[in-house]
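Participant: One line per chain: the protein sequences are X and G, in this order. Residues 1 to 262, numbered by the numbering used here, are exactly what the first sequence covers, in order. Residues 1 to 498, numbered by the numbering used here, are exactly what the second sequence covers, in order.
Everything labelled a hint here was simulated from the structure, so no lab data went into it. Each hint should be verified, as a subset may be incorrect.
Claimed, not checked - Pulled a few chain X residues facing chain G out of the computed Cβ check, cut under 7 Å:
| id | residue |
| --- | --- |
| 1 | R107 |
| 2 | A227 |
| 3 | S231 |
| 4 | D233 |
| 5 | A243 |
| 6 | L246 |
| 7 | L247 |
| 8 | A253 |
| 9 | P255 |
| 10 | D256 |
| 11 | S260 |
| 12 | A262 |
Quick caveat: nothing in here was measured; it's all calculated off a predicted structure. Where a beta carbon is used, it is the ideal one built from N, C-alpha and C, also for glycine.
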Amino acid sequence: MTVLTRADPRYPSRLLDLPKPPELWFEGDATLLSREGIAIVGTRRMTPYGERVARELAIACAEAGVVVISGLAQGIDAASHAGALDARGETVAVLGEGLATFDPHGRRRRLAMRIRERGCLVSEYAPLMPAQGWMFAQRNATIAGLARAVVVIEAPHGSGALITARHAQTLGRELYAVPGPLGSPQSAGTNALIAAGTARAVVGPESLGLRAHSAAVSSPVLDRLAAGPLSPDALRAEADEVAELLLAGRIVALPDGRLSRA
Amino acid sequence: MPRLSGFARVTACALWGLETELVSVEVDVASGLPGFDIVGLPDTSVREARERVRAAIRNSGFEFPLRRITVNLAPAERRKEGTGFDLAIALGILRASGQLARDVAELCVGELALDGSVRGVRGVLPRVRRALHGGIGSALVATDNAAEAAAAGGDAVAVATLRLAMAHLDGSARLAPAAPPPPAPEPAWEVDLAHIVGQETPKRALEIAAAGGHNILMVGPPGTGKTLLAQALPSILPPLDEEEAMAASVVHSVAGLVDPERPLLSVRPFRAPHHTASRLALVGGGRPPRPGEVSLAHTGALFLDELAQFTPQVLDTLREPMQEGRITIARGGTSATYPARFTLVGAMNPCPCGKLGDPAAPCTCLPDAVDRYNARISGPFLDRIDLRVHVPRIPYEELRDAAPRERSAEVRRRVVAARERMASRGRRANAELTVAEVRRHCSLDPAAERLVAGAVNERRLSARGYHRLLRVARTVADLAGSESVGRDHLASALLLRA
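Working from the sequences, and respecting the hints, build out all of it.
Facilitator: Okay, here's the thing in C-alpha cells:
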C-alpha cells in the first residue's frame, strides 16, 4: 500500500482537473492511472442486458489496450472489471473506502485479488477509513477525473452512476450512455441522458472510438442466447449443438440450470 | 390354585433401531417377602411394566402371586427399551405360578393395558422376522399388529386380551392365525405427468431420475410447477420388488408408521419433510433411536422443497446417506445403522426474490444476494446431484394448450424396461454404478467419445463430472433401449447439466 501525492511524478495529470485533486492510496500497478482509460459505470441492480453490454465494452477496451476504470461495486462495475481481466486487459478500481477496510465476499473478493495482481486498486481515503455514504459520491468524481471518457451502462433515476455522469460533464470528459428498453427502470437514467443530449448513445464499441469486437464464430444457438440466458427447454430442438457448445466452453450452465453465453 | 414357587421362560424380542435380538424373559416366583423386580438392564419404560402387568393380571381374573417375583431379560448386558415385553412378562408370571398349564413356545410381543387388553407396539415386523430366523414360527401379538406379523411370515395369532391369550395357550379356545394381508391394489396416483402442461425438459429429467435413481434439483421461479413435478415422481417410479418392499416396510414399522390393514408398502415411499425439519427428524436418532426421513424414504424418493431454506448443517448431514445409501447414528454409547437409499428431489427458487430468469418479471435481487443464496447449497452437496434442471414460467398460450400429453403409465413402462437393462448389469440403478463399472458399462461410441474428449482435455469437465455425465448418459441410453451410449444420449445428458 503506497500513497501518491501531487508531487509524485506518477500522479495522474488528469486528476489535476479536479478542484481539489486528492492523494491516492494504491495497490498494484500505479502506471495504469496515467494511461488512457475509459470509465464503465452503472447500477448494482443490473439486468442480463446490462451485464452483457458492460462485459462486451470492457473486452473491446481491453483489446484496444485501453484501461477500464470502475468502482468495484456489485453489478455493472464488477462485470466491467471482470470483462477487462478476462480479455487480458488492464483495469483500475477506485474504491469508496480505505484499502484496508475494503473486505468484500465471494465473487468480488476474487475480483479484487485479480485486480491487485494485474491492475490497480486505488482509494483517495486513508487505508483504515470505513465506508460512509458521502465517500462514494466523492469517489465518483475521481473516477470521472481519471478517465478520458465515461460510459454509463444502466442507471435508474437517482443512481450513483448519474453522479459520475454529472462529474464527467463538469470536467469536460466525453460522456456516453447505453440506450435501453423504454420502460425498463434500469435504463431510465441512461435514456434520459441521451434524450437530454448530455450523453452520446453507444451503439457498439465503435461509438467509443474502439475497434468493433472481432466477430466470433456465430451459430443459431449463440445468436439466440445473445439476448440473455435461456432455459434448456427453449433449446430442446438444438440439443446436439448445445451439447457441443457446452463442451467447447462457449456456453455455460448457470446455477439455476439456464444456459448462457460464456 | 397358584403354585408356591416356580420358574418359566417366554421369548420376546428387543429392538434397537432396526437391530433386533431375541430376549429370553425368565421369571422366577419364589417364597419370601412379596416383591416384583425386573433385572437385565431394563430402562424406565420396561421397569414400568411391573405396574401394568400387576394390574392386567388381576383385572383379567387371574391371581397376581404375592411372592418374590424376579424377572430377568437375557441376554442381560444390553439395555432394553420399550413396552413390548409386557405380554411376555405377564405370561411368564402366570406360567411360573402354575396358572398356565403349558409352556409358551410362541414369540410374545405386546403392551398391556391395566384392564388386561393387549396393545400394539412399534417394530413388530422386524421382531417377528427375527423370531422366524431364530426358529420360532408363531407369534402372539396385539390385534393392531396382526397383519404386520402375518406379513412377516409364520403364524401370527392376534390376542385382544391377556385372557384370550391364556385361553389360546391352554387350549380351551384356540385362535386361528391371522391371514396374511392381501396384495395391494394398483394405487391411484394423485398427480399424473399428464396433468402438467409444458415443462418437457423437466419431465424428461424426472423420467431419467426415476429410471437411473439419479438425484435431481429443479430450479425455477415460484409457481411454475416444481412441487407438482416432484409429486408426479411416484407415479413413474418402478414398482417395488419383494425385497425392497420388506426393507422399506421394516423401517416404517420401527417408526410406528405402518397402516394396520396394509403393513407392507406397495408403492415406493415419497417423503417431503418441511425445510424447518431438524437434523434429528431428517437423519434419525433420539432415544429410543428412531429412523429419520432419509430412512423412511429408503427405496423411494426424498423431496426437499425450498432446498435453500434448509440450514447448511442439515443439508450436509445428507451427504453420508446420499453417498453410502445408509446412515449411522451414534449416540450415548450405542450406534444404529438405518438404510437410506433414496432419490433426492430438490426444488428451489433461482434467487431470493424468485424472479431471476423470468422474462416477464425482472429479478430485483442484488448480484451479491444471489451469490449468497446459491452458496447456501454447498459444493460437496451439489456434487452428489446428477441432474439440474430449470423449470421456466409457462406462457399463457402453452397453458391453454389442450393437446394430449403423455401419461405417467407410459413413462413408467419405459422406466421399468430401463431398470431391467440396469439389473442385467448387476445394479438396481445406474446412479449406484462405481467408477470401475462406469468404465465397463458406459462405453461411448466414437462420435460421442470425440464430443467429450476435448472437454476433458481442456479441463472443462472434471473426472467426477465426467463419470456423472456417463452415468446419466447410460440411463438415457437405457431408456432409449440402446446397448451403447451414443452422441445424442450424451447430448441429452449434457443438456440436463449432468
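Participant: Each hint should be assessed against the structure and marked as holding or not.
Facilitator: Here's how the hints hold up against the structure:
1. The interface hint given for X/R107 holds, since its Cβ lies 6 Å from the closest Cβ of chain G, which is under the 7 Å cut-off.
2. Restraint check, X/A227 versus chain G: the minimum CB separation of about 9 Å is more than 7 Å; hint violated.
3. The beta carbon of X/S231 comes within 4 Å of a beta carbon in chain G, closer than 7 Å, and the hint placing it at the interface holds.
4. Checking X/D233 against chain G by beta carbon gives a least distance of about 4 Å; that is within 7 Å, so the hint holds.
5. Look at X/A243: its Cβ gets to within about 4 Å of chain G, closer than 7 Å, so that hint holds up.
6. Hint status for X/L246 relative to chain G: holds, with the closest Cβ pair at about 5 Å, below 7 Å.
7. Hint status for X/L247 relative to chain G: holds, with the closest Cβ pair at about 4 Å, below 7 Å.
8. With a cut of 7 Å, the hint placing X/A253 at the interface with chain G holds, because the nearest CB-to-CB distance is about 5 Å.
9. Given hint, X/P255 at the interface with chain G, holds; its Cβ is 5 Å from that chain's nearest Cβ, closer than 7 Å.
10. Hint on X/D256 holds. Least Cβ distance to chain G is approximately 4 Å, under the 7 Å limit.
11. The interface hint given for X/S260 is violated, since its Cβ lies 10 Å from the closest Cβ of chain G, which is over the 7 Å cut-off.
12. With a cut of 7 Å, the hint placing X/A262 at the interface with chain G is violated, because the nearest CB-to-CB distance is about 10 Å.
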